[in-house]
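Trainee: As you go down the protein sequences, you meet chains A and B in turn.
Counted from 1, the first sequence has number 105 at position 105 by this note's numbering; the numbering is strictly sequential.
Each position in the second sequence, counted from 1, maps to that position plus 1000 in this note's numbering.
FYI, nobody ran anything at the bench for these hints, they're computed from the structure.
Bear in mind that the values here come from a model prediction, so they are computed numbers and not experimental data.
Don't take each hint at face value.
[Claimed, not checked] Only pairs whose alpha carbons sit at most 25 Å apart, straight line, appear in this in silico SDA-like list of lysine to any residue:
#, chain 1, residue 1, chain 2, residue 2
1, A, Lys92, B, Gln1097
2, A, Lys111, B, Gln1114
3, A, Lys64, B, Pro1029
4, A, Lys125, B, Gln1114
5, A, Lys56, B, Val1130
6, A, Lys111, B, Glu1071
There are 2 protein chains.
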Amino acid sequence: MKRNTVLSCTAAFLFVATAAAHGVGTPTPAQRAVDYRQGVYHAIGWNFGPMAGMVKGEIPFDAKDFALRAERVAFLSTLPLEGFIPNSRVGKTDAKQEIWDNMDDFKSKMKTFQTEAGKLAEAAKTASAVDALKPQFGKVGQACKDCHDKYKED
Amino acid sequence: MKRNTVLSCTAAFLFVATAAAHGVGTPTPAQRAVDYRQGVYHAIGWNFGPMAGMVKGEIPFDAKDFALRAERVAFLSTLPLEGFIPNSRVGKTDAKQEIWDNMDDFKSKMKTFQTEAGKLAEAAKTASAVDALKPQFGKVGQACKDCHDKYKED
């Protein structure tokens, strides 16, 4: 069946891509979870960076670009949690065991991040000056920091 | 300034996180671009997998979960392109030089992926059976494959 061939190829590609990135065979479910959540954090960082640059005055404020990146971070903020599956503190990870020992608190901190990132995305839709966005941007940064301080290796 | 401290801490965290993942110092812009686009692809693969499982009948169809993952893939499909900056074929990457030699065609293939993924997300909002989603899922898979065949190392 042609369709099945396409599906199988695609699935194979994705697994091979992940495996190749680590120079090993098919990754374990735990390693895939690590790759997933780290991948999402990389994507968050990539989009957070230019916003931070604008807030700090290091690069010119571009309302459209800021709004786009704020929307992305808000969307991406909803993704990492499901990557913290049981027994996935494997390989190169900065995730502390405390995450799994305090999952309710970890979820609560992730929810705060999502809420604040969502508010920033909403505010950025209509803001015409970066000053109007600084307080909410600070809240998003604080939400990152609050979680990292407790649950991320230095 | 408290706010600036928070911002600086957050920015530092993000860079350290990226660097730590590679066991080196602050990554170059090219390496950050690689990390970003690979991170997005990991996130796409993580969400594509369960949909493929449902389409192939390996796991039970869950309309709500399928729709969520289709929406995520559609959103994520808009992200990777900006990671393919000039001179970023560095480190562990499966990106072929042909991407930069044929950027217009690469962009066109990425656009096809975005369009087909968007159609799948739209269809998944109302589909009550997986059979109704198979043709469009196949088109998304084909869009992945068409780009990988030409622009991704085996």
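Trainee: Holds or violated: A/Lys64 and B/Pro1029, Cα atoms, limit 25 Å.
Mentor: The hint holds at about 23 Å.
Trainee: Within 25 Å, alpha carbon to alpha carbon, are A/Lys125 and B/Gln1114?
Mentor: Between A/Lys125 and B/Gln1114 the Cα gap is close to 23 Å, so the pair holds against 25 Å.
Trainee: Taking 25 Å as the top limit, are the C-alpha atoms of A/Lys56 and B/Val1130 close enough?
Mentor: violated (48 Å)
Trainee: For the pair supplied as a hint, A/Lys92 and B/Gln1097, is the alpha-carbon distance within the 25 Å limit?
Mentor: Not satisfied, since the Cα-Cα distance of roughly 29 Å exceeds 25 Å.
Trainee: Can you confirm whether the C-alpha distance between A/Lys111 and B/Glu1071 stays at or below 25 Å?
Mentor: Measuring from Cα to Cα gives roughly 20 Å; hence the hint holds.
Trainee: Quick one, are A/Lys111 and B/Gln1114 close enough, alpha carbons at most 25 Å?
Mentor: violated (28 Å)
The earlier numbered hints that this structure contradicts are 1, 2, 5.
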